[in-house]
Amino acid sequence: MSLLEWRDVTVDYAGPDGPVPAVRGVTLSVERGEVLGIAGESGCGKSTLAATVLRLLPDSARVGGEILLDGTDLLTMSWGKLRAARWSDAAIVFQGALHSLNPVQSIGKQLAEPIRLHKTAADPDARVRELLEQVGLPASRASAYPHELSGGQRQRVMIAMALACGPDLVIADEPTTALDVMVQAQVLDLLTGLVRDLGMGMVLISHDLGVLGTTCDRIAVMYAGRIVEIGPGLDVFDDPQHPYTRALAGAFPRVGDPAARYAPVGLPGDPPYPGDLPGGCDFHPRCPVVMDACATASVSLVDAGAGRVAACLRVSS
Amino acid sequence: MIGARDLRVVFGGRVRAVDGVDLEVDAGEIVALVGESGCGKTTLARTLLGLEKPSSGEVLFEGKPLDYRRLKAYRRQVQLVLQDPLGALNPRHTVYDAVAEGLRIHRVPGDEQALVADALSRAGLRPPERFFLRYPHELSGGQRQRVVIAGALVLEPRVLIADEPVSSLDASVRGEILGLLLRLRDELGLTVLVVTHDLGLAWNIADRVAVMYLGRIVEIGPTAEVLQSPQHPYTQALLSVVPDVGHTEQIVLTGEPPDPARIPSGCRFHPRCPVVLPECTSVSLPILGVEVGHHAACVRVG
Amino acid sequence: MSLATQRRRRALARFWEQFRHDRAGMAGLIILAFFILVAILAPILISPESLDVTKATGERFDPPSLAYPLGTDEDGRSILLLLAYGTRISLTVGLAATLISMVIGTAVGIMAGHFRGAGSHALVGVTDWFLVIPFLPLAIVLATVLGPSTLNLIIVIGITSWAGTARLIRAQTLSIEGRPYIERSKALGADNWHQMTRHVLPNVFPLVLANTTLTVAIVILSETTLSFLGLGDPLAPSWGAILDSAFSTGAVSQGAWWYVLPPGICVVLVVLAFTLVGRAMERIMEGRT
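Protein chains in written order, with my numbering: chain R, 1 to 317; chain X, 1 to 302; chain U, 1 to 289.
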């Protein structure tokens, strides 16, 4: 049984002109000890998908499909069970985590909060010290305030907070954006180390395909609320099958790749607004290898090689 | 075209943001200034623009030191593109106003509307008239950055200094803006200095790369050489952690980029250097010169 | 750019649309409109003769009657007519003093926030000084020194009430100064004047507007107080001066409530009206951003 399973999940937000489909039928699973990467840009629905796991979306949002955590459907869970599940079974490290800390409370106090709420440890302070060590911070920092820490240190605190109640699943939404490349490497090392040592499952969300390629076992690429490609991490980064994935990978050129010298790869236009989607393949207005059929055909994920699927007409033909 | 000589910028008497930099950027060159936060690259860029006064040393433009009494005239030659296009545009000004601002400040004669339209076109916003009355919040990130670039281009500068020009844009849109900078260099002969932490960006568009650490340039040279055969241990470490496939062993440095108020003695990198030697704690490394070629400030080199 | 004017007109129309639906704001606006109408029509509908003490036709302290709807004062003049004329004075002083106060306050606030160094410190110091000094004693001293006239009253109130605005505007300026577009403007070559007028001012303007309506309320109260204390122009009686007359001529002991209540009620209504309108504007602007 998978640790986490999204089954044909849809999410519609209440917009001023009717429902806005942020997620349009996503089926994905995460196993224990596995790191799944979800790649995409703003508006593709990845953060919304992450928020569905703990039912953290606003009341006005409509969620369809099933979300199974260890076999139990989160969407039909009772409120009490859900509150218990939140943080102790699954936790999220939010985007912009650097600003999610209360500036007037010491980090030790903030770390202790979920522990006290869920009563997961007899001695919260000892557990706080343990957590800080797990993320590579000296235990003495527990009395420090957020503004006294650097960006990388604050991110570690957010990760520690996610681990506080010993969850089986951690979802990290853009954990390395806004961090220096060296600190980014430290944080990614930390995350993959935790997965290895604690046997957790992890979902890493990012727009940086390079980061995902080197840390994730599998990557799913999202565009306009749908998945357009899934495959093993390194393969998706190195040899993308979907034109969008290729453009995304191109935005992070490989140092040493002569083809990338003086040849920046970019797409025209912008990531689409979910309420305003073209017909046919969602990506066709911006696709560099678009064909006539793409404007009208309905596209779904098809086999694209060993353990890989992609939603592109060119792949199936 | 533009450069620095023994430039030092000290804040509050203790924070040595720029601690001795010699730099020369030739006309039509694209130079990438890379480094992590706190290395002084943004301060160096702002000092080159005249937004910050050096504590000692000088900024050179066309071989001559910058005259701080004639800053306004200097501004027509050297322009700035900021990191956050949403913050860089006054939310109450239309696109037209934002681009025309430079013209109005410098009282440039001529048909204002035509000049604005021309700048917007060159920045890739066509047809320009369609954008005149839009407000920044109505545009996408890529379009906003083009407006900022148009605002800089309208003064027909010789040099463009771009501080993280694409880091706050969506990944798939970055290529467009970078391509625009390349085209401006090719078509207008613009000199570009790009400040960034992204080595991939440098690989994409830069002719030369200068790596900064704690206020000094520690390595400089042609992009292909510096990024493929780095000589300085810091550059080697940075390159090793850039996510890549089938790469060499990662050299993940411990700790954070240190505080420019407490610069270590000897080689400033020695506390974190994975191949440190005993003499590194006391050696006095010279400021890297402006001679052509690939140079690194390290005891192990040369 | 006529298209730009079109946009501004549309923005104003949207603002009015929202304001229309704000009941409290509309109530305040209607009250204000009434008083402004009275102030404008007073000299047209009422001949100055009816305020002439020598031509007064009523009895002393006459209670309200058909001929004199609000009764008479100690000289037999109609209190209703006195109030109508008083509206002009009170509103004029109120608006003029507010204008002075806002101009000084905004200018000082923006400069104190924009500049760094000794000049800015000095401005902040002066602002704080004016904030700390109790308003009434300072106003009394100034009014006494300058002499009783409407113009002096306007000056005194303008000078003593700008500090609160300055503080507010300075704080807002500081937060705007941190934004990248100010830096960009500098990089384009803008001088201080350009930065302050073309970037800071338009962005603090909504705050200034909302603050203005609230300041008017305070100013009118101040004017009433000073006039009540006898520091106003004896030849141009505002509501405060009417109240002063009422008390000093013994209207209270005579039980002439029609002399004391109406001026007070007018002050309260106008102050309330301005406050309602000001709060409504704040609500709309907050909702906007």
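Fair warning: there could be bad hints in the mix.
Far from chain R by the CB rule (all over 10 Å, computed), these chain X residues [as the list claims (entries may be wrong)]:
id	residue
1	R69
2	R70
3	P127
4	E156
5	E176
6	L238
7	V241
8	V242
9	L253
Estimated spans, in silico, between C-beta atoms of each pair [as the list claims (entries may be wrong)]:
id	chain 1	residue 1	chain 2	residue 2	range
10	X	Q77	U	T197	19 to 29 Å
11	R	D125	U	L174	53 to 63 Å
12	U	A11	R	G269	26 to 36 Å
13	U	W129	X	G266	15 to 25 Å
14	X	L277	R	H99	34 to 44 Å
15	X	T254	U	V103	56 to 66 Å
16	R	P258	X	G293	53 to 63 Å
17	R	G269	X	L277	50 to 60 Å
18	X	R5	U	A13	52 to 62 Å
19	X	R107	U	V103	25 to 35 Å
20	U	S120	R	K109	29 to 39 Å
21	X	R5	R	L57	32 to 42 Å
22	X	L277	U	S120	43 to 53 Å
23	X	T254	R	D70	48 to 58 Å
The calculated lysine-lysine pairs, modelled on DSSO-like cross-linking and capped at a C-alpha distance of 27 Å, are [claimed, not checked]:
id	chain 1	residue 1	chain 2	residue 2
24	X	K64	U	K186
25	U	K186	X	K72
26	R	K81	R	K109
It is worth saying that the hints were derived from the structure and are not from the lab.
Glycine included, C-beta positions come from ideal geometry on N, C-alpha and C.
Hint by hint, here is what the structure shows:
no., hint, result
1, R69, "38 Å, holds"
2, R70, "35 Å, holds"
3, P127, "16 Å, holds"
4, E156, "24 Å, holds"
5, E176, "4 Å, violated"
6, L238, "6 Å, violated"
7, V241, "4 Å, violated"
8, V242, "6 Å, violated"
9, L253, "6 Å, violated"
10, X:Q77 - U:T197: 19 to 29 Å, "26 Å, holds"
11, R:D125 - U:L174: 53 to 63 Å, "40 Å, violated"
12, U:A11 - R:G269: 26 to 36 Å, "29 Å, holds"
13, U:W129 - X:G266: 15 to 25 Å, "53 Å, violated"
14, X:L277 - R:H99: 34 to 44 Å, "42 Å, holds"
15, X:T254 - U:V103: 56 to 66 Å, "58 Å, holds"
16, R:P258 - X:G293: 53 to 63 Å, "21 Å, violated"
17, R:G269 - X:L277: 50 to 60 Å, "53 Å, holds"
18, X:R5 - U:A13: 52 to 62 Å, "59 Å, holds"
19, X:R107 - U:V103: 25 to 35 Å, "28 Å, holds"
20, U:S120 - R:K109: 29 to 39 Å, "38 Å, holds"
21, X:R5 - R:L57: 32 to 42 Å, "57 Å, violated"
22, X:L277 - U:S120: 43 to 53 Å, "51 Å, holds"
23, X:T254 - R:D70: 48 to 58 Å, "37 Å, violated"
24, X:K64 - U:K186, "22 Å, holds"
25, U:K186 - X:K72, "9 Å, holds"
26, R:K81 - R:K109, "25 Å, holds"
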